[in-house]
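First to last, the sequence lines map onto chains L and S. Here UniProt numbering is used: the first residue of the first sequence is 1, the next is one more, and so on. Here UniProt numbering is used: the first residue of the second sequence is 1, the next is one more, and so on.
No lab work stands behind these hints, which were simulated from the structure alone. Heads up, the beta-carbon is just placed ideally off N, CA and C, and yes, glycines get one too. Please note that the accuracy of each hint is not assured.
To be verified - Here are the in silico distance ranges between beta carbons for each label pair:
#	chain 1	residue 1	chain 2	residue 2	range
1	L	Glu76	S	Lys148	51 to 59 Å
2	L	Glu92	S	Thr243	26 to 34 Å
3	S	Asp130	L	Gln331	20 to 28 Å
4	S	Lys211	L	Tyr332	53 to 61 Å
5	S	Gln69	L	Lys346	55 to 63 Å
6	S	Glu258	L	Ala327	33 to 41 Å
7	L	Pro244	S	Gln69	51 to 59 Å
8	S	Thr284	L	Arg201	49 to 57 Å
9	S	Gln69	L	Ala327	29 to 37 Å
10	S	Gln246	L	Lys223	55 to 63 Å
11	L	Glu273	S	Ala235	53 to 61 Å
12	S	Asp130	L	Glu286	41 to 49 Å
Read off the chains here:
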Amino acid sequence: MLPIDIISCKMVLQLFLICTFNFSGLLLLPMNTEPDYSASPKSTPMRVLVTGGTGLVGRAIQHVVREERGIREGEEWIFLSSTDANLMDAGETREVFQKHQPTHVIHLAAMVGGLFKNMRANLDFWRNNIYINDNVLQAAHEVDAVQVVSCLSTCIFPDKTTYPIDETMIHNGPPHKSNFGYSYAKRMLNVYNSAYHDQERGRFYTAVIPTNVFGPHDNFNIKDGHVLPGLIHKAYIAQKEGSPLVVWGSGTPRRQFIYSLDLARLFLWVLTEYKEVEPIILSVGEEEEVSIKEAAEAVVEVMRFKGQVTYDTAKADGQFKKTASNAKLRQYCPNFTFTPFKQALKETCDWFVANYDSARK
Amino acid sequence: MKLCVCVCVCVCVCVSVCACACACVCVRCCVRALLRACVAACVRCCVRALLRALVCILRDAGETREVFQKHQPTHVIHLAAMVGGLFKNMRANLDFWRNNIYINDNVLQAAHEVDAVRVVSCLSTCIFPDKTTYPIDETMIHNGPPHKSNFGYSYAKRMLDVYNRAYHDQERGRFYTAVIPTNVFGPHDNFNIKDGHVLPGLIHKAYIAQKEGSPLVVWGSGTPRRQFIYSLDLARLFLWVLTEYQEVEPIILSVGEEEEVSIKEAAEAVVEVMRFKGQVTYDTTKADGQFKKTASNAKLRQYCPSFTFTPFKQALKETCDWFVANYDSARK
Numbered sequence: 001m002l003p004i005d006i007i008s009c010k011m012v013l014q015l016f017l018i019c020t021f022n023f024s025g026l027l028l029l030p031m032n033t034e035p036d037y038s039a040s041p042k043s044t045p046m047r048v049l050v051t052g053g054t055g056l057v058g059r060a061i062q063h064v065v066r067e068e069r070g071i072r073e074g075e076e077w078i079f080l081s082s083t084d085a086n087l088m089d090a091g092e093t094r095e096v097f098q099k100h101q102p103t104h105v106i107h108l109a110a111m112v113g114g115l116f117k118n119m120r121a122n123l124d125f126w127r128n129n130i131y132i133n134d135n136v137l138q139a140a141h142e143v144d145a146v147q148v149v150s151c152l153s154t155c156i157f158p159d160k161t162t163y164p165i166d167e168t169m170i171h172n173g174p175p176h177k178s179n180f181g182y183s184y185a186k187r188m189l190n191v192y193n194s195a196y197h198d199q200e201r202g203r204f205y206t207a208v209i210p211t212n213v214f215g216p217h218d219n220f221n222i223k224d225g226h227v228l229p230g231l232i233h234k235a236y237i238a239q240k241e242g243s244p245l246v247v248w249g250s251g252t253p254r255r256q257f258i259y260s261l262d263l264a265r266l267f268l269w270v271l272t273e274y275k276e277v278e279p280i281i282l283s284v285g286e287e288e289e290v291s292i293k294e295a296a297e298a299v300v301e302v303m304r305f306k307g308q309v310t311y312d313t314a315k316a317d318g319q320f321k322k323t324a325s326n327a328k329l330r331q332y333c334p335n336f337t338f339t340p341f342k343q344a345l346k347e348t349c350d351w352f353v354a355n356y357d358s359a360r361k
Numbered sequence: 001m002k003l004c005v006c007v008c009v010c011v012c013v014c015v016s017v018c019a020c021a022c023a024c025v026c027v028r029c030c031v032r033a034l035l036r037a038c039v040a041a042c043v044r045c046c047v048r049a050l051l052r053a054l055v056c057i058l059r060d061a062g063e064t065r066e067v068f069q070k071h072q073p074t075h076v077i078h079l080a081a082m083v084g085g086l087f088k089n090m091r092a093n094l095d096f097w098r099n100n101i102y103i104n105d106n107v108l109q110a111a112h113e114v115d116a117v118r119v120v121s122c123l124s125t126c127i128f129p130d131k132t133t134y135p136i137d138e139t140m141i142h143n144g145p146p147h148k149s150n151f152g153y154s155y156a157k158r159m160l161d162v163y164n165r166a167y168h169d170q171e172r173g174r175f176y177t178a179v180i181p182t183n184v185f186g187p188h189d190n191f192n193i194k195d196g197h198v199l200p201g202l203i204h205k206a207y208i209a210q211k212e213g214s215p216l217v218v219w220g221s222g223t224p225r226r227q228f229i230y231s232l233d234l235a236r237l238f239l240w241v242l243t244e245y246q247e248v249e250p251i252i253l254s255v256g257e258e259e260e261v262s263i264k265e266a267a268e269a270v271v272e273v274m275r276f277k278g279q280v281t282y283d284t285t286k287a288d289g290q291f292k293k294t295a296s297n298a299k300l301r302q303y304c305p306s307f308t309f310t311p312f313k314q315a316l317k318e319t320c321d322w323f324v325a326n327y328d329s330a331r332k
């Protein structure tokens, strides 16, 4: 009897599909032996690709780049939308990156949604976002982009935690169960960044962690959107119909809100000045945290809503608080001034009313 | 076919050179030795090629779906992964992360699409938080970052637990689950010294050291501690989980905490079983990896109070005997 120990393909692929592999000497994905990326950055003008470029934050970056900062000579800014490429498809993603050859990437594209949408589809949020993130980061690496800034969120932090949360605490426990699919997918962006830095000798891909973002061009869908745009839209309808404004939940959970234009300004600073792989929280201070009730009252004031406000406590509250520290941001940017909340809210409401027909809802 | 060609060539060459009875004996010996070598080489090539093919299948969503559609499994034991010892992980965290995420996503989704009622995936105690209290248990998987040496592999494995919860959450009651073995060892392991795990690495090194009359060099200080589970014991428990364990939450499959041994003690056991007579040294310039990963098997003991693990030295002896008997064809 020959000392043969062959595992036949047919045997392995029977009912139990039991197979164990060791990849000694085998690499499924191209293993780069690229030069050291920690060398000084290229001096050529930036060619910046923004994924999710027509969403809430993407539009804000467009505005800040064009109206405030200006596009420098030789620079190119490309704002992708979902019609340009399906980022869940590796081939399409690679193709669009090969086409534009970005030197810098702001990665905003994601499957996003408010509390109730997340609760319905944790699996889809997890899988879709992992595919998008993997495709974008690998495509960026393959075209030798020197910087990728991805976007996390304070909603991904551990549910059971001390406060305020900070950048070191992302992986210190399971996230809130309502959106664990989205949360883990976003957390894994930090893993990607660490892994690219670790294996690809110095890739400095990084991520920012905004708190709740709001502003023009948001998704104002009541069922699937986030809390502030949802309140604005409901107030608009309630005003027109003469009906009560019904706030979902008890109104007691607390949030820090960051205006999309402020976030865009900070994104541009991170893109060129922030040199860490570790992420950075972009947020107003802890003292700016408001309850959902206070946010609703601010919407009522700004929209000049005169009707009744009620609270549907049968609806889920979501996470009670996610208070984040912006101490790291303040160390880097002690003088950055955030737009006052009510001013930012007014600009957002005015935009929504003026663009009601075309607004995403 | 490659095997037949090799045999034919060997016979022709040997017979044309030898003429007498002694030479015939030599020819037979030569032929047997050459046959063994050719077959062993062919087997290794075939196994590696087969493994590569299977891995490529699971790394590709379409091919994975195709093989699941073909076989329509009702139950799946999902063991496929990119694996390796400490030093291989340290070199390739990105590859470990990406390859394993793709494999896991493809297998679980393909199983779901053919309506498999059960998928049992395989985690590992090496994925637990590095900074933690001991013993670790099933509730602690996500309570902090894993050891930095293998964070890519660890996070990919942790995400299997996320998949299981998400399928249960969104797909109305899918009971896909996972087991968490401690360090597995046994016949058919990967005995590659550079890329394999610690016990098979020690066995292989002891074998070579014995043959060459050189010292057995243990990488690291020998102080880290591990619980080892024999592959046959793990297999018996896997079959129990497949049909009897009805939770989405994972379950640790391990010997008890009191069975934990240091790498030094494991090396000494290998020396004893292999009857190695040479010197044993410790290369402390090499990384130790995580100091301990002591896991509680209390949940397993609640379910299976009477399960008996194979004694460590007996399991080690069976493994070493297998390795020596199958040296030519063993993965290394």
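Q.
Let me make sure I understand: some of the numbered hints might not hold for this structure. Which ones are they, in numerical order?
A. Structure breaks hints 1, 2, 6, 8, 9, 10, 12.
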